[in-house]
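Student: Residues per chain are reported as follows:
2 protein chains.
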Amino acid sequence: MSDDPDPGLPSVAPAAWLIRKLKSTAQISARDCADIENLSFTVRTFGGRTSIVHEGDVPKQCCLVMDGWAYRCRSLANGQRQIFAFYVPGDIPDIESLHLHVMDQGLVAIAQTTVAFVAHSDMRALIERNTSLAMALWRDTLIDATRCRERVISLGRRQAVGRMAHLFCEMYIRLRTVGVADDFRYVLPLTQAELADALGLSSVHANRSLQELRKLGFVTLHRRELIIHDWDGLETVAEFDPAYLHIV
Amino acid sequence: MSDDPDPGLPSVAPAAWLIRKLKSTAQISARDCADIENLSFTVRTFGGRTSIVHEGDVPKQCCLVMDGWAYRCRSLANGQRQIFAFYVPGDIPDIESLHLHVMDQGLVAIAQTTVAFVAHSDMRALIERNTSLAMALWRDTLIDATRCRERVISLGRRQAVGRMAHLFCEMYIRLRTVGVADDFRYVLPLTQAELADALGLSSVHANRSLQELRKLGFVTLHRRELIIHDWDGLETVAEFDPAYLHIV
DNA sequence: CGAGGTTTTGACTCCACTCAATAGACGTGG
DNA sequence: CCACGTCTATTGAGTGGAGTCAAAACCTCG
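If you read the protein sequences in the order shown, they are chains A and B.
At position 169 of the first sequence (counting the first as 1) the number is 360 in this note's numbering, and the numbers step up by one without a gap.
At position 215 of the second sequence (counting the first as 1) the number is 406 in this note's numbering, and the numbers step up by one without a gap.
These are calculated hints, taken from the structure and not from any lab test.
One or more hints might be untrue.
A pair holds if it fits inside one copy or across any two, identical chains being indistinguishable in the list.
[Unchecked claim] In silico DMTMM-like cross-links for lysine to aspartate or glutamate, where the CA-CA straight-line distance does not exceed 25 Å:
1) K214 to D295
2) K406 to D335
3) K214 to D373
Computed from a prediction, not measured in an experiment: that's the story for all the values here.
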């Protein structure tokens with residue numbers, strides 16, 4: 192489940208990640224920032240494809256991604272998997288565990304991923320004391336839900352190429368917002384099989400859809416780096432409109 | 192957009208619906224109930240297929256379903272539609288508008304539907320005064336999100352018959368929980384085209400999948416009444432596990 | 001009884017899946 | 001530095017689930 196303790200701490204502290212993230216979607220006061228900075232975090236790094244929280248766990252803490260990516264997923268009886276969402280620095284993937292005690296899905300680290308844990312008790316004390324921060328966190332979970340709905344549209348009404356393009360667009364905007372991507376390129380630490388599990392495709396078809404996007408000249412993906420050559424083209428095939436991300 | 196004012200008020204008051212609903216998923220104190228009962232509601236009835244809130248609106252109130260069903264949906268450029276979720280008595284479909292100001296999707300009444308509106312200002316005052324109620328409402332939005340994720344699994348990894356069976360199971364449990372269904376039957380006020388838009392299918396294929404469920408002897412659907420003849424069978428083809436509904 | 005919506009059926013097409021084999025990337029250890 | 005095993009990516013061939021188009025049957029209600 193776990194890995195080695197943190198080696199060399201990343202340059203940005205846990206609190207700073209969370210503050211940066213919340214500022215991108217809501218108004219955060221100086222008092223809110225101070226309260227976040229007073230939280231005590233436990234930093235840990237997970238190796239590739241290790242589980243941070245298992246399906247069925249009853250966690251006593253929630254985690255803040257600082258470096259790398261994580262995803263939530265569930266496996267079905269026939270061995271198929273569905274990835275619900277990806278989480279990047281600044282995100283708190285399992286904040287809902289504050290309110291829903293048993294995890295109905297797992298949380299997995301992709302590649303090398305550093306997260307900071309906060310005890311539920313600390314978090315609860317914080318949101319009882321500071322209503323405006325509680326509202327900001329609530330808002331954040333609602334935005335997570337809008338992303339989930341966007342995924343529903345993708346799976347329900349877009350075909351493979353559009354789905355993939357949409358994911359590429361969303362992740363670029365989100366990563367850029369927290370300062371982890373720029374210049375239309377970013378590290379996409381996923382295998383094609385994982386891409387397929389997120390998009391509701393077979394890995395063979397994920398491969399072919401990716402080739403289609405390459406052939407169109409929209410993206411290249413090589414050695415885990417995605418480069419977007421034609422943002423407008425990508426946005427068009429994806430029918431991507433960033434409004435649902437509610438970035439201020 | 193609207194319709195006639197309420198004719199004969201339903202037997203259960205708006206506050207009672209909300210209390211019943213929240214009690215089914217969280218612990219609610221006597222004070223919480225009193226606070227809900229002190230809210231002022233404006234009841235209105237919408238005719239079939241009329242819009243309660245439009246995509247792009249900036250609502251100043253949120254609405255509580257009292258009778259009938261509503262759904263949220265969005266239309267795509269090519270004319271296709273995706274229905275994200277259905278809402279039944281006790282649900283507050285647009286509570287997120289408290290935090291996310293512009294609606295990125297529409298809310299539509301199916302058949303005759305009665306809803307009660309509460310002003311955002313009243314709601315905000317309430318959740319600032321009563322933290323435990325705020326937490327219960329937050330929790331409710333998180334459960335809405337788990338249902339959305341379950342929809343993602345359906346669209347991504349189940350085929351048509353399983354998707355439909357899953358929806359039938361979920362709606363039965365939800366309706367029974369608030370006392371609107373019993374004895375393995377309920378009013379399903381949807382056309383097959385709407386069913387298709389919710390399940391990410393064409394209406395022709397929705398029809399064929401429904402026939403398949405009939406042929407298996409699991410359900411009948413006639414004159415908007417769904418009867419489940421074989422719950423276990425339905426649950427099995429759906430791979431349905433009600434845990435995600437977080438009903439206590 | 002007729003009009004308009006909804007459900008059903010048939011025929012054909014196509015997107016995406018499965019199975020299977022090959023090629024490439026990467027890390028490890030001899 | 002190369003051999004080897006293990007992932008991961010790519011390709012091909014054949015299949016099948018779901019879509020499209022269009023017509024017919026069926027309700028329902030004024």
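Student: Look at each hint and say if it fits the structure.
Tutor: Here is what the structure says about each hint:
1. K214 to D295: Answer is between: at 21 Å across copies they meet the 25 Å cutoff, but 29 Å inside does not.
2. K406 to D335: neither (32 Å within a copy, 39 Å between copies)
3. K214 to D373: within (19 Å within a copy, 47 Å between copies)
Going down the numbered hints, you'll see the structure goes against just number 2.
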